[in-house]
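**Student:** Residue numbers (the working numbering), protein chains in the order written: chain A, 244 to 560; chain B, 244 to 560; chain C, 244 to 560; chain D, 244 to 560.
One or more hints might be untrue.
[Unchecked claim] Dumping the calculated DSS-like pairs for lysine-lysine here, alpha-carbon to alpha-carbon at most 30 Å:
hint, chain 1, residue 1, chain 2, residue 2
1, B, Lys498, B, Lys508
2, B, Lys469, B, Lys246
3, A, Lys508, A, Lys495
4, C, Lys474, B, Lys556
5, C, Lys308, A, Lys246
6, D, Lys556, B, Lys308
7, B, Lys246, D, Lys308
8, C, Lys556, B, Lys281
9, C, Lys469, C, Lys262
10, B, Lys281, C, Lys281
11, A, Lys497, A, Lys468
12, B, Lys281, C, Lys515
13, B, Lys284, C, Lys281
14, C, Lys474, D, Lys515
15, A, Lys474, B, Lys515
16, A, Lys556, A, Lys498
17, A, Lys515, B, Lys474
18, C, Lys468, A, Lys308
19, D, Lys308, B, Lys468
20, D, Lys468, B, Lys308
21, A, Lys468, C, Lys308
22, D, Lys556, C, Lys515
23, C, Lys284, C, Lys556
24, D, Lys281, A, Lys284
25, A, Lys556, A, Lys281
26, C, Lys246, A, Lys308
27, C, Lys556, C, Lys262
28, B, Lys308, D, Lys246
29, C, Lys508, C, Lys469
30, A, Lys556, D, Lys281
31, A, Lys281, D, Lys556
32, A, Lys281, A, Lys498
33, B, Lys289, B, Lys308
34, B, Lys515, B, Lys451
35, C, Lys308, A, Lys308
36, B, Lys468, B, Lys508
37, A, Lys556, A, Lys451
38, D, Lys284, A, Lys281
39, D, Lys281, A, Lys281
If you're looking for bench data, these hints aren't it; they were derived computationally from the structure.
The model shown is predicted, which means the values in this text are computed figures rather than measured ones.
There are 4 protein chains.
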Amino acid sequence: MGKNLITGGLGFIGYHLAKLLLDEGEEVVLFDVVSESKLTKDIRDKVSVVRSDLSNWVQVLDAVKDNNVSCIFHAGAALPPTSEQCPAAAYSVNVTGTFNVLEAARLFGVDSVIYLSTLATFGPGVPPIVPNDASQRPPNMYGVTKVCGERLGEYYHSRFGINFRGVRYPPLIGLGRFGQAQSAYTYLVIQEAALGRPYTIYVDKSTKIAILYVKDAVRSLIDLKKAEDGKLTTRVYNLYGFTVSAQELADKVKKYIPEAQIDFKPDPAMIKAVENLPERMDDTLARQDWNWAPRYSIDQAVENFIEEVRANKAIFE
Amino acid sequence: MGKNLITGGLGFIGYHLAKLLLDEGEEVVLFDVVSESKLTKDIRDKVSVVRSDLSNWVQVLDAVKDNNVSCIFHAGAALPPTSEQCPAAAYSVNVTGTFNVLEAARLFGVDSVIYLSTLATFGPGVPPIVPNDASQRPPNMYGVTKVCGERLGEYYHSRFGINFRGVRYPPLIGLGRFGQAQSAYTYLVIQEAALGRPYTIYVDKSTKIAILYVKDAVRSLIDLKKAEDGKLTTRVYNLYGFTVSAQELADKVKKYIPEAQIDFKPDPAMIKAVENLPERMDDTLARQDWNWAPRYSIDQAVENFIEEVRANKAIFE
Amino acid sequence: MGKNLITGGLGFIGYHLAKLLLDEGEEVVLFDVVSESKLTKDIRDKVSVVRSDLSNWVQVLDAVKDNNVSCIFHAGAALPPTSEQCPAAAYSVNVTGTFNVLEAARLFGVDSVIYLSTLATFGPGVPPIVPNDASQRPPNMYGVTKVCGERLGEYYHSRFGINFRGVRYPPLIGLGRFGQAQSAYTYLVIQEAALGRPYTIYVDKSTKIAILYVKDAVRSLIDLKKAEDGKLTTRVYNLYGFTVSAQELADKVKKYIPEAQIDFKPDPAMIKAVENLPERMDDTLARQDWNWAPRYSIDQAVENFIEEVRANKAIFE
Amino acid sequence: MGKNLITGGLGFIGYHLAKLLLDEGEEVVLFDVVSESKLTKDIRDKVSVVRSDLSNWVQVLDAVKDNNVSCIFHAGAALPPTSEQCPAAAYSVNVTGTFNVLEAARLFGVDSVIYLSTLATFGPGVPPIVPNDASQRPPNMYGVTKVCGERLGEYYHSRFGINFRGVRYPPLIGLGRFGQAQSAYTYLVIQEAALGRPYTIYVDKSTKIAILYVKDAVRSLIDLKKAEDGKLTTRVYNLYGFTVSAQELADKVKKYIPEAQIDFKPDPAMIKAVENLPERMDDTLARQDWNWAPRYSIDQAVENFIEEVRANKAIFE
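Starting from the given sequences, assemble the full structure and let the hints guide the process.
**Tutor:** Encoded structure:
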């Protein structure tokens with residue numbers, strides 16, 4: 244059996260996925276445009292790292308050819324705000340990069356391409372509990388490029404028999420997430436408390452959001468990869484963890500860190516941005532087709548996340 | 244006011260659009276990868292022709308920069324079966340080509356980009372009367388690339404203020420259509436009769452299909468371009484002409500050409516392929532937002548098409 | 244042993260090379276952006292044809308991967324005047340196209356890449372008998388792109404062990420050459436006479452030029468491919484056939500076609516353009532390293548060319 | 244008058260050039276793939292910085308269009324060892340990147356493109372004092388890509404009238420140079436002594452090399468930009484500072500830092516690598532055509548370099 248190539252391998256999701264694959268005894272190659280990351284230090288000697296650029300087709304093909312790859316987990320992408328500040332870079336990395344990944348899979352006989360898509364592929368106007376087959380007309384470049392990737396992958400499956408499968412994540416929480424997307428308060432409130440630092444939430448106490456713990460998120464990728472093909476009724480699946488209000492989230496943190504200093508200073512613009520995100524995604528298809536279910540309750544997710552931050556303080560220095 | 248650049252300008256739709264724009268006193272530049280076409284002979288001395296390749300960004304930018312272009316009608320694309328035989332070419336021409344067109348518009352201040360999309364962006368499983376906001380997960384590369392183009396255009400509108408507007412056509416009939424798509428019998432039965440040649444329809448007499456006359460199709464592009472922006476509730480609109488059974492179509496032809504020799508020899512594969520196409524598209528939004536309505540009844544379309552074929556027999560030699 | 248892929252395979256040189264390879268019992272795949280050519284009709288059923296674009300890396304890789312290719316004769320290129328009218332197209336086809344060919348060879352283990360370069364890589368200021376290692380600073384885009392190709396190929400040889408070898412041709416004469424480069428009179432005077440048509444030479448009777456018969460040119464490619472690697476002292480070799488004045492050329496034609504109508508109407512601009520071409524290339528290295536020598540004297544070349552034109556009149560209709 | 248865009252602007256040469264341009268009252272925009280550099284801290288608030296990628300044409304065009312650029316100093320490139328480890332990246336950044344720069348200049352009417360080339364464009368076999376018009380057949384990818392850039396630039400000058408001018412540097416010494424090229428000892432021996440650290444030279448005491456002080460190098464770019472066009476007899480000029488043996492260099496350092504600890508531990512491979520570099524470049528043409536002459540003697544260069552290192556110790560921490 245071949246190796247697992249993870250694009251964006253030194254990032255937040257790449258790290259957690261690599262760890263889980265290593266735990267299962269699999270071989271892992273991390274593909275990333277950077278070559279160092281504080282996050283991945285503990286697994287660095289157990290994986291190969293290829294410093295390469297998704298938008299450079301030769302580098303993508305070489306990574307696949309040189310490493311006996313049988314599965315590509317395609318997590319690499321230009322994310323907001325970069326994708327919105329420079330749509331041309333997002334086009335190169337996310338659209339052409341995904342085309343390069345699919346072509347590498349086709350040309351060198353890779354069995355599976357597991358694609359990471361996002362709730363952000365759904366735009367305004369979708370039903371509150373977003374169905375798996377809802378219309379995808381996203382308002383930002385990140386979402387646009389992910390829609391293009393889903394469609395290209397589906398085509399490479401039907402036309403060339405590449406085992407393309409994908410998931411759409413809601414915002415994730417977990418060790419190593421970074422950045423200032425509108426949903427950032429959901430991980431920051433936990434992470435900052437675990438680091439003993441105060442944090443001010445910028446939405447209303449009642450603002451609700453769908454989130455998923457990163458360990459469930461990466462577990463789903465492996466489960467989906469192993470799912471029986473005959474049972475799959477679509478190629479890309481909505482995932483969903485739990486819906487939580489900002490107040491509930493703060494309460495959960497205080498349950499595990501009673502001394503946590505958490506304030507609220509609602510910012511109307513941010514509230515609106517968060518409210519534009521669906522409160523819930525319909526993950527029925529994933530549950531039916533390949534027995535998807537999150538293993539972490541909100542309590543377990545918060546507790547585990549706190550533990551991991553405390554055990555890895557070095558990455559926050 | 245600037246010129247109109249029509250990509251795919253020497254093709255079927257490009258020709259009819261150019262004629263209509265010339266009739267309205269507009270200046271027209273035809274952009275195409277070929278430099279000659281029997282079809283466009285009668286307008287050749289009234290237009291400029293740029294022989295260029297959509298997948299070459301320099302050529303796209305030069306066409307815009309050198310011609311004082313204020314509107315791009317983006318009709319150029321790799322069509323089936325080419326798009327399915329060589330998806331990599333379709334990716335370059337249709338996806339990267341559309342990116343190049345949008346970038347050219349942004350970099351050189353083109354006011355409007357009018358995009359030609361297609362019913363083929365909708366895959367199986369959509370409602371029988373396809374709503375404007377139906378989910379778009381097409382089964383072929385042509386449809387995939389057109390979905391990518393719609394999304395990229397919408398983003399360039401919201402992010403950069405480019406006046407991107409588009410239409411989704413059902414199969415068109417009219418002088419100069421060519422090729423062997425599953426809907427080909429709808430134009431061939433008329434064209435061949437007009438040329439005095441027998442024709443055998445490969446679907447059932449009762450097989451129904453949605454079609455649109457090319458003159459209504461190109462008229463819609465100009466109307467959409469002129470539509471008041473404040474009234475537009477979306478960026479890409481379903482269009483619809485009429486639904487007709489193969490028998491009705493044969494009858495209409497015989498009404499105008501009583502001696503027409505039309506047979507039926509149904510091919511189950513083709514029947515199924517046609518039945519996969521929606522029988523009807525919901526064009527309510529286009530009707531509401533910018534008063535779209537086809538001007539040609541089926542009778543008028545058949546009659547006019549016959550006239551045009553007879554007046555242009557040279558292009559069939 | 245694998246097949247021979249000839250890029251630009253439906254062109255003038257591609258055709259003659261394919262014929263010679265077929266004569267030697269080799270298998271041939273013709274790669275070209277067009278799919279039909281009058282010239283190649285007599286070999287069409289003995290070769291495979293891949294209609295593809297050098298500037299599309301997927302198409303280049305597929306052509307190599309799908310055809311068990313062990314040698315690529317890389318003759319395809321945008322030529323003057325196209326290369327000068329659209330340098331961006333020449334960049335894509337000639338520079339990126341050559342990069343694509345070299346990468347395809349590296350990625351899929353092709354043994355040899357035989358490269359067709361040109362006298363046009365040398366600019367003004369080189370010695371009258373151009374040495375093999377003369378400085379290459381050409382005045383036109385065609386020459387520029389061919390210099391880039393030579394350098395890239397040499398690097399792929401030293402870095403990746405690809406057996407890259409090349410030749411620099413002077414202007415060629417022979418059946419199927421077309422176009423209006425400054426040296427065009429050298430083939431037109433023979434071809435037109437063979438077709439029984441008058442021809443007016445646009446240079447002085449005394450204007451001299453170095454030329455090579457196409458059959459010697461393509462023979463050299465096969466000889467170079469087979470040459471012992473240890474004897475090669477460079478990677479790209481000057482070739483040279485004979486130097487002939489316009490008057491001598493006209494005399495040779497009349498020797499074989501006494502009734503030929505040949506006039507002179509010298510055009511100063513064209514005379515100057517031709518005089519910018521070196522009168523002679525030093526092919527000593529090719530002679531020493533792999534026993535290069537033209538087999539056709541000028542008399543034999545003219546006689547054979549006339550025969551071939553007369554036997555293939557259909558391609559001139 | 245427009246701004247000066249420096250590609251590779253946060254690098255060693257970019258920094259020194261920016262400083263000199265600022266001293267002359269010019270406006271400077273730094274274009275680089277990274278957004279931070281310790282080196283450029285002291286000028287950071289006097290320049291604009293564009294974080295962009297040369298291989299992304301949209302980013303190159305935007306940098307030019309958004310900044311009213313009248314001159315591009317094109318210093319950005321993938322250097323050894325990166326260029327040799329990943330030739331495909333070097334192709335994208337150096338060859339396609341230079342094409343993008345030239346196209347940006349053409350499309351948006353930039354007056355001048357000043358190109359930084361290198362002694363490394365000359366391969367083995369050139370005369371010991373390398374003439375300006377020597378043959379350029381370099382052994383490494385860096386040199387290959389720089390040859391391509393020279394030829395493309397010359398063509399854009401003759402074809403489109405872009406004021407393309409370039410220089411070929413020998414190895415440079417000065418504050419902020421980094422990396423481990425074969426010539427690295429020439430700057431390290433000075434820099435390390437200035438930092439109070441011991442240094443072991445890896446070549447023979449008698450090993451000679453041609454070098455140039457970075458302040459003369461960047462001064463030349465501004466002088467060349469201002470040179471009268473009618474006096475230029477070529478487009479790319481060899482530059483040369485002084486030739487110095489390793490022993491002489493060590494002596495010069497000790498003249499200014501008597502306590503410097505400098506050892507020799509010759510490594511035959513490195514000696515050979517350095518000896519492959521020409522000992523001298525013929526810069527006669529630059530001297531004749533635009534009065535090029537280095538202003539720093541070897542003593543002045545060493546003294547000034549030491550001063551600058553001591554005044555900028557922070558960048559070495």
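**Student:** Does each hint hold? Answer for all of them.
**Tutor:** These are the hints, each one checked on the structure:
1. For the hint pairing Lys498(B) with Lys508(B), the CA-to-CA distance comes to about 21 Å; that is within 30 Å, so the pair holds.
2. Between Lys469(B) and Lys246(B) the alpha-carbon distance is near 15 Å, which keeps this suggested pair within the 30 Å criterion.
3. With a C-alpha separation of about 19 Å, the suggested pair Lys508(A) and Lys495(A) falls inside the 30 Å cut-off, and the hint holds.
4. The suggested pairing of Lys474(C) with Lys556(B) is violated, with an alpha-carbon distance near 64 Å, which exceeds 30 Å.
5. The hinted pair formed by Lys308(C) and Lys246(A) meets the criterion: a straight-line CA distance of about 23 Å does not exceed 30 Å.
6. Proposed proximity of Lys556(D) and Lys308(B) is contradicted: the alpha carbons are some 50 Å apart, above 30 Å.
7. Our distance criterion of 30 Å between C-alpha atoms is met by Lys246(B) and Lys308(D), whose separation comes to about 23 Å.
8. Annotation: proposed proximity of Lys556(C) to Lys281(B) holds, straight-line Cα distance about 27 Å (limit 30 Å).
9. With a CA separation close to 17 Å, the supplied pair Lys469(C) and Lys262(C) stays within the 30 Å bound.
10. With a C-alpha separation of about 21 Å, the suggested pair Lys281(B) and Lys281(C) falls inside the 30 Å cut-off, and the hint holds.
11. Between Lys497(A) and Lys468(A) the CA atoms are separated by roughly 37 Å; this puts the pair beyond 30 Å, and the hint is violated.
12. Among the hinted pairs, Lys281(B) with Lys515(C) is inconsistent with the structure: their alpha-carbon atoms are about 40 Å apart, more than 30 Å.
13. Distance restraint check for Lys284(B) and Lys281(C): the Cα-Cα separation of roughly 25 Å lies within the 30 Å cut-off, and the hinted pair is therefore satisfied.
14. For the given pair, Lys474(C) sits about 25 Å from Lys515(D) by alpha-carbon distance, which is consistent with the 30 Å threshold.
15. As the CA atoms of Lys474(A) and Lys515(B) are separated by approximately 25 Å, the hinted pair is consistent with the 30 Å bound.
16. At most 30 Å may separate the alpha-carbon atoms for a hinted pair to count; Lys556(A) and Lys498(A) meet this at roughly 21 Å.
17. With a C-alpha separation of about 25 Å, the suggested pair Lys515(A) and Lys474(B) falls inside the 30 Å cut-off, and the hint holds.
18. A C-alpha spacing of about 28 Å is found between Lys468(C) and Lys308(A), which places the hinted pair at or below 30 Å, so the restraint holds.
19. Of the supplied pair hints, the one linking Lys308(D) and Lys468(B) holds, its CA atoms being roughly 28 Å apart against a limit of 30 Å.
20. Between the alpha carbons of Lys468(D) and Lys308(B) the distance comes to roughly 28 Å, so the proposed pair stays at or under 30 Å and holds.
21. As the CA atoms of Lys468(A) and Lys308(C) are separated by approximately 28 Å, the hinted pair is consistent with the 30 Å bound.
22. For the suggested pair Lys556(D) and Lys515(C), the alpha carbons sit about 62 Å apart, so the restraint of at most 30 Å is broken.
23. Note on Lys284(C) and Lys556(C): the hinted pairing holds, with a Cα-Cα distance of about 12 Å set against a maximum of 30 Å.
24. Between Lys281(D) and Lys284(A), the direct Cα distance comes to roughly 25 Å. Compliance with the 30 Å bound is thereby established for this hinted pair.
25. Proposed proximity of Lys556(A) and Lys281(A) is supported: the alpha carbons are some 10 Å apart, at most 30 Å.
26. For the proposed pair Lys246(C) and Lys308(A), the alpha carbon gap of about 23 Å is at most 30 Å, so the pair holds.
27. Pair hint Lys556(C) plus Lys262(C) holds up; C-alpha atoms about 18 Å apart against a cutoff of 30 Å.
28. A C-alpha spacing of about 23 Å is found between Lys308(B) and Lys246(D), which places the hinted pair at or below 30 Å, so the restraint holds.
29. A C-alpha spacing of about 45 Å is found between Lys508(C) and Lys469(C), which places the hinted pair above 30 Å, so the restraint is violated.
30. About 26 Å separates the Cα atoms of Lys556(A) and Lys281(D), which keeps this hinted pair within 30 Å; it holds.
31. Taken as a hint, the Lys281(A) and Lys556(D) pair is honoured in the structure, with Cα atoms around 26 Å apart against an allowance of 30 Å.
32. For the given pair, Lys281(A) sits about 29 Å from Lys498(A) by alpha-carbon distance, which is consistent with the 30 Å threshold.
33. A threshold of 30 Å between alpha carbons decides the hint, and for Lys289(B) with Lys308(B) the separation of about 20 Å falls inside it, so the pair holds.
34. Restraint check for Lys515(B) and Lys451(B): the C-alpha separation of about 11 Å stays at or below 30 Å, so the hint holds.
35. Restraint check for Lys308(C) and Lys308(A): the C-alpha separation of about 14 Å stays at or below 30 Å, so the hint holds.
36. With a C-alpha separation of about 42 Å, the suggested pair Lys468(B) and Lys508(B) falls outside the 30 Å cut-off, and the hint is violated.
37. Restraint check for Lys556(A) and Lys451(A): satisfied, since their Cα atoms lie roughly 29 Å apart, inside the 30 Å limit.
38. Proposed proximity of Lys284(D) and Lys281(A) is supported: the alpha carbons are some 25 Å apart, at most 30 Å.
39. With a C-alpha separation of about 21 Å, the suggested pairing of Lys281(D) with Lys281(A) holds against the 30 Å cut-off.
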